[in-house]
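Asks: Residues per chain are reported as follows:
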Amino acid sequence: MQEPVVSDTRTANRELLDFVFSWPKWFFAVGGALNGLLVAAVAVVILMLMFGLQFLGYSHPVYWGFLIVNFVFWIGVSHAGIMVSAILRLTQAEWRRPVTRAAEVLTIFSLLTAVQFPLIHSGRPWRTMYWTFPYDWNRGAWPNPRSPLVWDPSAIFTYLTSTILFVYVALLPDLALARDRAPNRISRAIYGVLALGFRGTTRQWRIQAIAGLLLSAIILPIFVSVHSIVSWDFAVTTVPGWHNTVFAPYFVIGAVHSGVSAVVTVMIVMRYAFGLKRFIKRDHIDSLARLLIVVATVWLFFFMLDLFFGLYGTEPAEVDTWQRRLVEPPWVVIAITFIICAYVIPVPMWLFRGVRRSFFWMFVTTILVNVGMWLERYMVVVPALERKSGLTFTYGDYAPSLSEFILVAASFALVILGFLTFAKLLPIMPAADIKEGQILADRIKVGRANVPAAMRE
Amino acid sequence: MIHPEAAGLHLALRPPYRPQALKVSPRHAGAAALAVLGALGVVTYVVKLVTAWGDRAAWAYPTVALMFVLSTATAAPLVAYASRMAKGYWALPVRRIAALYAVPSLLSFVLLIPIMAALPPLEGRSNLWFGFSGGAPFLTDALALSILLLTGLALLWFSAVPDVAGPPSRVRAMPPLRRWLHLNWAGTQKQWKLLRAANLTLGAFYLMGYVYVHMLLSTDLGQSLLPGWRSGIFPAYNALTGIQAGIATILITLALVRKFSPEAGRFIGDEQASALGKILLATVLMWFYFFWSDFLLMWYARLPGEVAAMQTTVAITYVLPFLLALFLMLLIPFVLLIFNRVRQSLTLVAGVSVFIVAGLVFDRIRFYVAPMANPEPFGHVMHELPAPYWPNALDVLFLVGMIGLMFAVYLYAAARVPILNGWEMRQGSMLRKERTFMRARVLVLGKPD
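As given, the protein sequences belong to chains A and B, one line each in that order.
Everything in the first sequence is counted per the working numbering, starting at 849 for the first residue and increasing by one.
Everything in the second sequence is counted per the working numbering, starting at 5 for the first residue and increasing by one.
Mixed in with the good hints there might be a few duds.
Stated by the list, open to error - Using 25 Å as the maximum straight-line C-alpha spacing, the simulated SDA-like pairs for lysine to any residue come out as follows:
{"id": "1", "chain 1": "B", "residue 1": "K194", "chain 2": "A", "residue 2": "P1300"}
{"id": "2", "chain 1": "A", "residue 1": "K1293", "chain 2": "B", "residue 2": "T440"}
{"id": "3", "chain 1": "B", "residue 1": "K91", "chain 2": "A", "residue 2": "T1145"}
{"id": "4", "chain 1": "B", "residue 1": "K263", "chain 2": "B", "residue 2": "G408"}
{"id": "5", "chain 1": "A", "residue 1": "K1125", "chain 2": "B", "residue 2": "P452"}
{"id": "6", "chain 1": "A", "residue 1": "K1236", "chain 2": "B", "residue 2": "R306"}
{"id": "7", "chain 1": "B", "residue 1": "K451", "chain 2": "A", "residue 2": "A1297"}
{"id": "8", "chain 1": "B", "residue 1": "K197", "chain 2": "A", "residue 2": "K1125"}
{"id": "9", "chain 1": "B", "residue 1": "K437", "chain 2": "A", "residue 2": "N1298"}
{"id": "10", "chain 1": "B", "residue 1": "K282", "chain 2": "A", "residue 2": "V1142"}
{"id": "11", "chain 1": "A", "residue 1": "K1125", "chain 2": "A", "residue 2": "W990"}
Claimed, not checked - Here's a subset of chain A near chain B, in silico, CB distances under 10 Å, partners left out:
{"id": "12", "residue": "T939"}
{"id": "13", "residue": "P1001"}
{"id": "14", "residue": "F1005"}
{"id": "15", "residue": "T1006"}
{"id": "16", "residue": "T1086"}
{"id": "17", "residue": "P1097"}
{"id": "18", "residue": "M1152"}
{"id": "19", "residue": "Y1160"}
{"id": "20", "residue": "E1163"}
{"id": "21", "residue": "W1209"}
{"id": "22", "residue": "F1211"}
{"id": "23", "residue": "I1215"}
{"id": "24", "residue": "L1216"}
{"id": "25", "residue": "R1296"}
Bear in mind the hints are in silico, worked out from the structure with no lab data behind them.
Every residue gets a Cβ at the ideal spot worked out from N, C-alpha and C, and that includes glycine.
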């Protein structure tokens, strides 16, 4: 599990910085296509601002549709970075090294994408100022601190700030490396400013390592709080199907499930797109798949708790909502699809070593997980809202509009574009961390076997 | 880099461990005290059986004892399993000490039977069985618990066979049943593979069983007897605090083994304290997270049934046990465990563990005495809060006696099975070596696939 990349420092530096200093043709084609999607999304948002939320198809009783589902989904994916990076760093898992940067960057762009959706969904984004910031001292218009509309931005911006700090501290040695190998003076100057004078002295390394560890520990409670608070947007209400005390850990573990799956998908794409075959090995996706087996099973347990304790009180409205989710079309199809995609297909497959070590199958199964997890959020959000009033059992219908599909596609485009831009400007794999791994690598001879080993940090 | 000694280098350097059981002298004050407490537990159990069969309120504090055993003895073997899965080499000297708790966990079954007999019918109250008539909850809970306990014993046995079997000639000379029990152990490659697979499979099964049993019992003996209490996180909270208390119990045991058994104690050091201390700190933080997730929703939604349940278990009726649990399981451990110096000292971290185990008793009191002693368990909302049910002398003796009996049974088991996992420690020492890096002596750990 700790098989290191064996190459000299010069070769490793060149390979890891290759994409930063080169301009492959596909980059422009992909970038162009993604930008096209973003332009379409901007047009949709402008039309929505002109005609109101009804342009997106929202009307009584369902006011939360694809936009909020997307918000929850991307917040979930953003949990990948911290799960993979902070926790694995604290537990000294050697295989984390090539994985961490991509996961952290995914966190940043997922978060930035996620925050767009409540803003769009507010219908009048500029008015969110009233709800979240105490901006108007003269008229005494204060935000309501008991409202999740205040909790959400607080948690998300704290998470975003700390994640950027976390990534930046880890980036410092690589920024210095880019500065030293930059092909022209302008980029050398920019990387030089960003590197904050990092020269690799013993003291700088020590401070950088301690800062990384401290941030790992500090960021964990924030990581847990973010998706908990998102879950409480739903659970603090008394809407049947949402008010369940298990929602917070259920959302967090679901986020980790989809986030780590997204990291695997991204790693596999990076392996081929950025020419990192020597760095992203079968061992890495194998380890992530083992982690995913545990995470997915815990997620399933929390889902069952949500289901059982939804039905437990035999309250008619609660039972009715679950019946709608699990029995009535079209929700039954979505329910079956999500459970099959998120658990029934991938987890039994991951039990086989051959699947865990196959890039193709891991790519397919992790995509399936995220399809399933997106549908799960859809199933949580919409059916609970379809009931027309607290006193009746009549339902409104909700069908997603084309505009919503465009916004969903654009959200993927935004994350991918952000990721690509980052990879173009900065090393997407932590060169310093990987080289440290090579230094710490060793072997132990047991009988005839030569076992990979590592020095204990 | 941390100091090589603290990193567990001693496992590679010290003379190998020869598997042997704990030497327990009946004249030792601690052993004698445990024997007396154990006897007290048996006597009070018999007295309860004779005088209070079917009286639900009288079995409220025995339910606390049951949930205590389920949260300490039944949770402890999980550490052995989880560390094996995660290849945590620091845990090599801990695994048998943890797995041995499968023996005293059998007490939970003995406690469950009379408690189940005192439960009211399911009709008319919230429950997890949704009309299932296959003997629920009596047979189903008893069946689930017995499967969990048998799995725990099997896990202990499979991991102990290489240590207790001895050389193949000895195994061949055994009577057929005993030989079968020893898996005809000859140490062949096939047998080692089987052993590894059995340990991993049974471990996974045990973990799932542990969570499932907690879900069943926390609902059938807790939530479902207090109308209006509907909390999906409560079973998970129970399982989590069980793991917290299980780790604390192991740490206390490690400290005692190191003090009273020089042969085994030389393998138990600060490395184990540090690793378990970190996990303990994580569980302490999760205690708060799970509690807060529960509390916030009930407080925010203000549904009458949930508010009444919260007032009963947190705010009014059992506020004293709640505060004690809060201090002993969260505040005191958190304040102490954030210091590296505390986590890296076995004595200090075991001291913190005593608080946690004591806090668990109060935590279980607030959650299980109220429902078991609730005279009106039917309906969907509590119309008035139940009066507090404080323990009488027999209840206190029962609780103390049962906890003593649990540790007495553990001591008995430890005196018969080698207290450390000899074969795993030998394997682990082969995968460790000492090396000079720059000017420091460091530990190198091998991790085969």
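Asks: Compare the distance between the alpha carbons of K263 (chain B) and G408 (chain B) with 25 Å, and conclude whether the hinted pair is satisfied.
Replies: holds (19 Å)
Asks: Is K451 (chain B) within 25 Å of A1297 (chain A), Cα to Cα?
Replies: holds (12 Å)
Asks: Does Y1160 (chain A) pass the interface check with chain B, least Cβ-Cβ distance below 10 Å?
Replies: Result: holds, 6 Å to nearest chain B Cβ.
Asks: Are T1006 (chain A) and chain B close enough, Cβ to Cβ, to be under 10 Å, as the hint says?
Replies: Since the shortest Cβ distance to chain B is 17 Å, the answer is violated.
Asks: Need the status of pair K1293 (chain A), T440 (chain B): alpha-carbon distance at most 25 Å?
Replies: Holds: K1293 (chain A) and T440 (chain B) sit about 17 Å apart, inside 25 Å.
Asks: Has the given pair, K437 (chain B) with N1298 (chain A), been kept, meaning a C-alpha gap of at most 25 Å?
Replies: holds (13 Å)
Asks: Tell me if P1001 (chain A) is really an interface residue toward chain B, meaning its C-beta lies closer than 10 Å to one of theirs.
Replies: This interface hint is violated because 18 Å lies over the 10 Å limit.
Asks: Should the interface hint for I1215 (chain A) be scored as holding, given a Cβ-Cβ cut-off of 10 Å against chain B?
Replies: Violated, because the Cβ-Cβ distance from I1215 (chain A) to chain B comes to roughly 26 Å (cut-off 10 Å).
Asks: If you take the shortest Cβ to Cβ gap from L1216 (chain A) to chain B, is it below 10 Å?
Replies: violated (23 Å)
Asks: Would the hint on P1097 (chain A) stand, with a C-beta cut-off of 10 Å toward chain B?
Replies: holds (7 Å)
Asks: Going straight from one Cα to the other, do K197 (chain B) and K1125 (chain A) come out at no more than 25 Å?
Replies: Cα-Cα ~33 Å, so violated.
Asks: Hint validation: M1152 (chain A) versus chain B, beta carbon distance must be below 10 Å. Holds or violated?
Replies: Interface hint status for M1152 (chain A): holds (9 Å vs cutoff 10 Å).
Going through the hint list in order, the structure does not satisfy hints 8, 11, 13, 14, 15, 21, 22, 23, 24, 25.
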